[in-house]
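Top to bottom, those sequences are chains A and B. Quick note: the first sequence uses this note's numbering, first residue 1, plus one each step. Quick note: the second sequence uses this note's numbering, first residue 1, plus one each step.
Since the hints were made in silico from the structure, they are not lab data. All values derive from a computational prediction rather than experimental measurement. The reader is advised that the hints may include incorrect statements.
Here are the simulated BS3-like pairs of lysine-lysine, each with C-alpha atoms no more than 30 Å apart in a straight line [claimed, not checked]:
#, chain 1, residue 1, chain 2, residue 2
1, A, K49, A, K66
2, B, K175, A, K66
3, A, K7, B, K74
4, A, K66, B, K81
5, B, K74, A, K49
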Amino acid sequence: MFGRSAKAEEFESAALPYLNDLFRTALRLTRDRGEAEDLVQEAYLQAWKSFHRFAPGTNCRAWLFKILFHVIQHHRRKWFKMRLVNDEDERIEETISYEPPVSPTLSDEDVLAAVEKIPPHYREVVLLADVEELSYKEAAAALDIPLGTVMSRLNRGRKLLRQELAEFASGYGINQKEGGRGA
Amino acid sequence: MNVINFEQHNCKKLRAYLDSYLNNELLVETTHEVLRHLENCPECSEALENRRRVKQRLKTAVMKESAPPALEEKIRKSIRKDTARGWPVWMLVAAAAVILIAVGIIGLRLRDRSTSTRTDAVAVSAGGRILEVGLKDHVHCALDSGFANRVFTEAEMREKLGPEFFGLVGLVKEKIPGNYQVVVGHRCKANGRQYVHLILKSPQTALSLVVTQKNGESFTQNQVAAILESSGGPIFGAHMDNLEVAGFETRDYLAFVVSDLSREDNLQMAAALAPQVQTFLSKLSV
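Okay, chain B solo, but in the shape it has when bound (with noise of 0.2 Å):
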């Protein structure tokens, strides 16, 4: 441990301290060093006592003043009014597009009954905690690991995700709001599972784009949370552990997108990378 010897007379030095000693911001033993010295020196006393009474004096100014009484009703008015609003146009339009294609399952299945009902049972029974495969990994990885935190190089993505996975970067960062970037790349393995993984981080929040082969496995129909526009196909989601999952696939693999964002902006995100992402995993050979 470093303690500061603050020789007598040695003021300029002292001074540099003097704010953290006034916020009770250093070690025991500095403070012990700097009350040695002030008791030696009146001139940094005095200045210690000046610093004292400019905070004091900037806080009682700027606490003098108070929002206007009217700022407050303003405030709530515009909340009651965003709040009688209601939802926005695009979830009425995507609820309306979950109930068409519940009704449009129903209907498959009825017709599908009497020719798979053994294929269909099987499905369900694999796929019924299939959205935690994405979730797992972006707990594991890039909470719990630490990986939202790093900032890889493209070069460092290229050799971690291999050339054949590496072109996954590009489709995302053409396809993310501009506040987004890819800042991890790469493959990683958790509970036994193989995943590539990119880590797209805001100023607010990181989220994760997980891929990984089926095993057998595939959504179940009474996930499905959105319907892509461009292709028709299903988005299937769920909330766990306080996070947000959406997930896609195609033939040979699963998708996630895993987020503390909302359930409609997570999703969304999901809506934006899935067309690409599907077209992208569809031409990979497994």
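This is chain A alone, in the form it adopts within the complex (with noise of 0.2 Å):
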């Protein structure tokens, strides 16, 4: 028993300084407190039982994330109402040429308030990516896809947000000058 409770002493100093980086993003993809909180507390319980696979001395971070996105893919159809990304990406390619600039005035609340706007299949990528700053590899691993799809799901999801970000700007009636060209 002293060697289990040696293991969890090891297991929380390992994993629970990055409480926070976890806590974010699933809030920012469920964009619900209690789920959020939820899904962390189960993630970590998963990684507690399988603390005995991660091997030492690897990215323990990308491994939370890993099983983070693992427990958020159970849970997913209960609270996404996704589109499938192919017609999705059709929508994107169709829309945007024009590259808005997006105004300093804008508040956090408005940023995540347009995060949340965007696809949870291309918001996810941008938030480890652009966020949590992830490799291409560590969030191709995290997400388990392919990494050209990570490469490509983040260009759109970057062009989306900022998109997103000009429709709130104009909304306000902020960048209304600006013409519609090409980019």
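Relying on the hints, combine the two individually framed chains into one complex.
This is the structure:
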């Protein structure tokens, strides 16, 4: 029993420093604090149960993200009303040709609202790569998708975010002067 | 090396590289080309600044959130609760079975000592590192030679295994958990020894089922790790080179399950496969 307690302490000191990283990612994906808390708690419990498989010296944070997304995958259908990604791809390709400037006057809440308007498949890649700064390889492992898919989703996700931010700005009457220049 | 040349006013082409430029992902030569274009193109410079701003704003906004202080304590509690729960019941049963078999083996040995001492001694010396036989093929073939990253079609497995051993693929598929699939089935050679080798993959790991003909060897009784409920036959086990090896045998064959799973998970997998694999191998003539 002593051995398991020592292992639990080892796990907690290795994994708990990344609690905020996991929580804010889960929160941006679920848009619900209670749900994000439940998912993160479940992810930590699963991580603890498979801690014997974690190779010391490898990236614990990336490993935890992988487990978190595994947990999210199981819960996903409950709260994502997803369209097929291919349909979404088409829509983006058709509509984004202009690169609208993002106003510095937007609040953090506006930015978060814009992030949450991006379809989940793109949102999760943007969060992992641009906020949590995981490498493409780590993001691919966390999401269990090919590297090329990470790159294409990231590209489209960033474009969508810029578009959403510009729409927020124009809703406030900002950025009305720019025209539809090709990009 | 392909260097991208962004001709003047080729803004559309350059925009595709702006994010990579922002993240320092471009080749030095391409970076120079981007810089050269930016010097002469205020629109693209503005677009770059815009993307930089979006990235920064996104990061700042998302990172403002942090986990509620109570969550850390909730997680610690759930881990402690799981720790306090101790070992699962099936592990206790397995431990009890191991003790029972150990007692049985000692009894048998005492009984047989007068008649077969010499045979016993040969088996022990030949079988001391016998679990390594399976480990070596997994390391050589699945890991070092990269077969764990390949996926064979059923037709390829039939061809490479031959009609004699292809039947193993079907019976293994029936017994493995739903998140595993048989990706490779072939015959291979490592350290001068012939093997029949199946590689099973789950999203988390790769596992080998390795079969080889006996060469006068047998597992040693001090490596018994569990007892099969169905037949009462032993499964042998050891932890070597950061991998778990479980072994079982028939009259003519040794079979191994090798993976980086935990000891109990690897043993469970071996226990799930052993009865059918043993029946299959027993029907083969050497």
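Cross-check of the supplied hints:
no. : hint            : in the structure
1   : A:K49 to A:K66  : 14 Å, holds
2   : B:K175 to A:K66 : 27 Å, holds
3   : A:K7 to B:K74   : 18 Å, holds
4   : A:K66 to B:K81  : 24 Å, holds
5   : B:K74 to A:K49  : 16 Å, holds
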